[in-house]
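Start from chain Y and add chain X according to the hints.
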Amino acid sequence: MADFLFTLFAFLTVLAAAGVVVNRNAVNAALCLLVSFVGMAALFVLLEAYFLAVLQILVYAGAVVVLFLFVVMLFDVRGGDPRKPYRPIAAASGMAALALLTVGVLSLTKHGQLAAAPPPAMDGGLKVFGYQLLTTYLLPMEVTGFLLLIAMIGVTVLSRKQAEESGDRRQHSEGNA
Amino acid sequence: MHLLLTPGSFPPASLLAVVALPAEVGINHYLLVSALLFAIGFFGVLLRRNTLVIYMCLELMLNASTLAAVAFSRFNGSVDGNIFVFFIITVAAAEVAVGLAIIVALFRLRQTVQTEDLTALRN
Numbered sequence: 000m001a002d003f004l005f006t007l008f009a010f011l012t013v014l015a016a017a018g019v020v021v022n023r024n025a026v027n028a029a030l031c032l033l034v035s036f037v038g039m040a041a042l043f044v045l046l047e048a049y050f051l052a053v054l055q056i057l058v059y060a061g062a063v064v065v066l067f068l069f070v071v072m073l074f075d076v077r078g079g080d081p082r083k084p085y086r087p088i089a090a091a092s093g094m095a096a097l098a099l100l101t102v103g104v105l106s107l108t109k110h111g112q113l114a115a116a117p118p119p120a121m122d123g124g125l126k127v128f129g130y131q132l133l134t135t136y137l138l139p140m141e142v143t144g145f146l147l148l149i150a151m152i153g154v155t156v157l158s159r160k161q162a163e164e165s166g167d168r169r170q171h172s173e174g175n176a
Numbered sequence: 000m001h002l003l004l005t006p007g008s009f010p011p012a013s014l015l016a017v018v019a020l021p022a023e024v025g026i027n028h029y030l031l032v033s034a035l036l037f038a039i040g041f042f043g044v045l046l047r048r049n050t051l052v053i054y055m056c057l058e059l060m061l062n063a064s065t066l067a068a069v070a071f072s073r074f075n076g077s078v079d080g081n082i083f084v085f086f087i088i089t090v091a092a093a094e095v096a097v098g099l100a101i102i103v104a105l106f107r108l109r110q111t112v113q114t115e116d117l118t119a120l121r122n
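Order-wise, the sequence lines are chains Y and X.
Here the first sequence is numbered in numbering that gives the first Met the number 0, starting from 0 and rising by one per residue.
Here the second sequence is numbered in numbering that gives the first Met the number 0, starting from 0 and rising by one per residue.
Check before you lean on any hint, since a few could be wrong.
Said to hold, decoys possible - Simulated pairs of lysine to aspartate or glutamate, DMTMM-like, Cα-Cα distance not exceeding 25 Å:
{"id": "1", "chain 1": "Y", "residue 1": "Lys-160", "chain 2": "Y", "residue 2": "Asp-2"}
{"id": "2", "chain 1": "Y", "residue 1": "Lys-160", "chain 2": "Y", "residue 2": "Glu-141"}
{"id": "3", "chain 1": "Y", "residue 1": "Lys-126", "chain 2": "X", "residue 2": "Asp-79"}
{"id": "4", "chain 1": "Y", "residue 1": "Lys-160", "chain 2": "X", "residue 2": "Asp-116"}
{"id": "5", "chain 1": "Y", "residue 1": "Lys-109", "chain 2": "X", "residue 2": "Glu-23"}
{"id": "6", "chain 1": "Y", "residue 1": "Lys-126", "chain 2": "Y", "residue 2": "Glu-47"}
{"id": "7", "chain 1": "Y", "residue 1": "Lys-160", "chain 2": "X", "residue 2": "Asp-79"}
No lab work stands behind these hints: they were computed from the structure.
One chain only, chain Y, in its complex shape:
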């Protein structure tokens, strides 16, 4: 049963990811991205990382894709990308990347010491998560919180209306401070 579900969601995720690349309309690409993220969350569930699956839905499918859609609709670019010439070097590089990754995965499978089957049960519940975050990983968590604060301030500064080119130096120096 789990194998069938894995195949289903793996195909869903990969096909939706391909949809992001081939869709010429940016809104459709963002919706494909949403489907891909949801499929990834399902794969997380199959890996018994339930908390991360919820987080993936909330943060990626909820916040990030909505943010993307907002920006796409803010630009209001009609008609998507104009048809462009096929770039062989891009295709060749993508294929080379895929080939390298596949060789890496296969050699890892062949030579690496991987567990064939997962350990029967892993206590990946919320309790363990919270405990680890507040003991072993306390410093990284504080740093991440600070990073979020910096990102918030940075976005506020970036998205502020820029001062007019003609004058108002005061606003400029304020922005630099």
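Just chain X, lined up with the frame of chain Y:
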């Protein structure tokens, strides 16, 4: 490389075993999906001209790496990889917000997000 160049087996049997419907899902299946997603994202970054779509493809690549991390964590039976992915998701959220703000600022300045029009630094 000898792994792929064994005579008389192209595509190699291990690749076929991965592509066929898995009898039991192992870590290599997850890693292969992750590699596929990463390659698709990389392909998109190279192919697309819209900065927003390039950014979406970057997110896809980041997500592929987190899938590999979660798979390794599960198959090693430790929760540390999951916590690492938790931090990655947090940082990615901040990164998306800042990146999109930069793209919006760029659009305000230049009225376009197509990479072929953004050639101020060329030559």
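Okay, the hints, checked on the actual structure:
Taking the CA atoms of Lys-160 of chain Y and Asp-2 of chain Y, the gap is near 52 Å; set against the 25 Å cutoff, the hint is violated. Between the alpha carbons of Lys-160 of chain Y and Glu-141 of chain Y the distance comes to roughly 31 Å, so the proposed pair goes past 25 Å and is violated. Taken as a hint, the Lys-126 of chain Y and Asp-79 of chain X pair is honoured in the structure, with Cα atoms around 14 Å apart against an allowance of 25 Å. As the CA atoms of Lys-160 of chain Y and Asp-116 of chain X are separated by approximately 23 Å, the hinted pair is consistent with the 25 Å bound.
At roughly 17 Å between alpha-carbon atoms, Lys-109 of chain Y and Glu-23 of chain X fall within 25 Å of each other, so this suggested pair holds. Simply put, Lys-126 of chain Y and Glu-47 of chain Y have alpha-carbon atoms about 14 Å apart, close enough for the 25 Å limit, and the pair holds. Proximity of Lys-160 of chain Y to Asp-79 of chain X is assessed by CA-CA distance (about 42 Å); at most 25 Å being required, the pair is judged violated.
Comparing the model with each earlier hint shows violations of hints 1, 2 and 7; every other hint is respected.
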